[in-house]
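S.K.: Sequence:
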Amino acid sequence: MRNSRRVLILTVCMLLGLAASALATPETDFREAMTAARAGDMDKAIAAFTRVIEAGTSVEASNLASAYNLRGVCYEAKNDPQQALADYTKAIEIDPKSAEALGNRAMLYVKLGDKDKAKADAVAARRIDHRVKVPTID
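Start counting the sequence shown at 10; every next residue gets the next number (the numbering used here).
If you're looking for bench data, these hints aren't it; they were derived computationally from the structure.
What you are looking at is a predicted structure, and each value in this text was computed from that prediction instead of being measured.
Where is the CB? At the ideal position from N, CA and C, for every residue including glycine.
Among these hints, one or two may not hold up.
To be verified - Below 25 Å or equal to it, Euclidean Cα-Cα: the simulated BS3-like pairs (lysine-lysine) are:
{"no.": "1", "residue 1": "Lys53", "residue 2": "Lys87"}
{"no.": "2", "residue 1": "Lys106", "residue 2": "Lys124"}
{"no.": "3", "residue 1": "Lys99", "residue 2": "Lys53"}
Said to hold, decoys possible - What follows is a set of in silico ranges between Cβ atoms, one per label pair, in the way DEER data are often shown:
{"no.": "4", "residue 1": "Pro105", "residue 2": "Lys53", "range": "26 to 34 Å"}
{"no.": "5", "residue 1": "Thr59", "residue 2": "Asp123", "range": "25 to 33 Å"}
{"no.": "6", "residue 1": "Arg40", "residue 2": "Asp89", "range": "18 to 26 Å"}
{"no.": "7", "residue 1": "Arg140", "residue 2": "Thr44", "range": "20 to 28 Å"}
{"no.": "8", "residue 1": "Ile146", "residue 2": "Thr37", "range": "37 to 45 Å"}
{"no.": "9", "residue 1": "Thr34", "residue 2": "Lys126", "range": "32 to 40 Å"}
{"no.": "10", "residue 1": "Asp147", "residue 2": "Glu36", "range": "38 to 46 Å"}
{"no.": "11", "residue 1": "Thr59", "residue 2": "Ile146", "range": "15 to 23 Å"}
{"no.": "12", "residue 1": "Lys53", "residue 2": "Asp125", "range": "32 to 40 Å"}
{"no.": "13", "residue 1": "Glu63", "residue 2": "Ile146", "range": "33 to 41 Å"}
Please work from the sequences and hints to get the whole structure.
M.R.: Rendered as C-alpha cells:
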C-alpha cells in the first residue's frame, strides 16, 4: 500500500513537471531572461536566452536577433568577450539594422583594442539610429 502510494505521488509530480515545462514559451523564457539579467543572474539569463534562441523558427527574426544581442550583453557582463562578440555578430547577421547590436559590438571592439572595427560599427549604428549608444573613437 505504501509503495503504491509513493508511485502514485511520483507519477503525479512527474506529470505536473511535464505540464509546467510544456507551458514554457519563447515569450516566457524572454521575460525570465530579462528578469534574471536585471537581477544580475547572468547564468540564468543566458540559459533562458538560449532557450529562446533554440526555439528557432517559432521566434520572429527581430526577437531572435534581440535574444542573441542580449545574451551577448550577459556574456560580456560575465567577462566572456569572445562569446559576446559571437552573439552580437549573429544578431547583426539576423537583423543588419539592429543599431543596438552594432553599438554593443562597437563598444566591445574598443575593449578588444580594434578601433577600426569599432568605428565601422559605430558609424553603421548611428546611421540606423542616431540615439544609439556608441563609443567615441578618435
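S.K.: Are the hints correct? Go through all of them and say.
M.R.: Hints versus structure:
Restraint check: the Cα-Cα separation between Lys53 and Lys87 comes to about 12 Å, which is no more than 25 Å; the hinted pair holds. Of the supplied pair hints, the one linking Lys106 and Lys124 holds, its CA atoms being roughly 21 Å apart against a limit of 25 Å. Of the pairs offered as hints, the one joining Lys99 and Lys53 holds, with about 21 Å between alpha carbons and a cut-off of 25 Å not exceeded. In this structure the supplied range 26 to 34 Å holds for Pro105 paired with Lys53, their Cβ-Cβ distance being about 30 Å.
Separated by about 27 Å at the C-beta atoms, Thr59 and Asp123 satisfy the suggested range of 25 to 33 Å. Hint check: Arg40 to Asp89, Cβ distance near 23 Å, so the stated range 18 to 26 Å holds. A hinted range of 20 to 28 Å for the beta carbons of Arg140 and Thr44 is consistent with their spacing of about 25 Å. A beta carbon spacing of about 39 Å between Ile146 and Thr37 agrees with the range 37 to 45 Å that was offered as a hint.
For Thr34 and Lys126, the Cβ-Cβ distance of about 36 Å falls inside the hinted range of 32 to 40 Å, so the restraint holds. Here the CB-CB span from Asp147 to Glu36 is close to 43 Å, well matched to the stated 38 to 46 Å. A C-beta distance of roughly 32 Å is found between Thr59 and Ile146, which places it outside the suggested range of 15 to 23 Å. Between Lys53 and Asp125 the Cβ separation comes to about 36 Å, which falls inside the hinted range of 32 to 40 Å.
Distance hint check: the CB atoms of Glu63 and Ile146 are about 35 Å apart, consistent with the given range 33 to 41 Å.
Of the hints listed earlier, the one the structure fails to meet is number 11.
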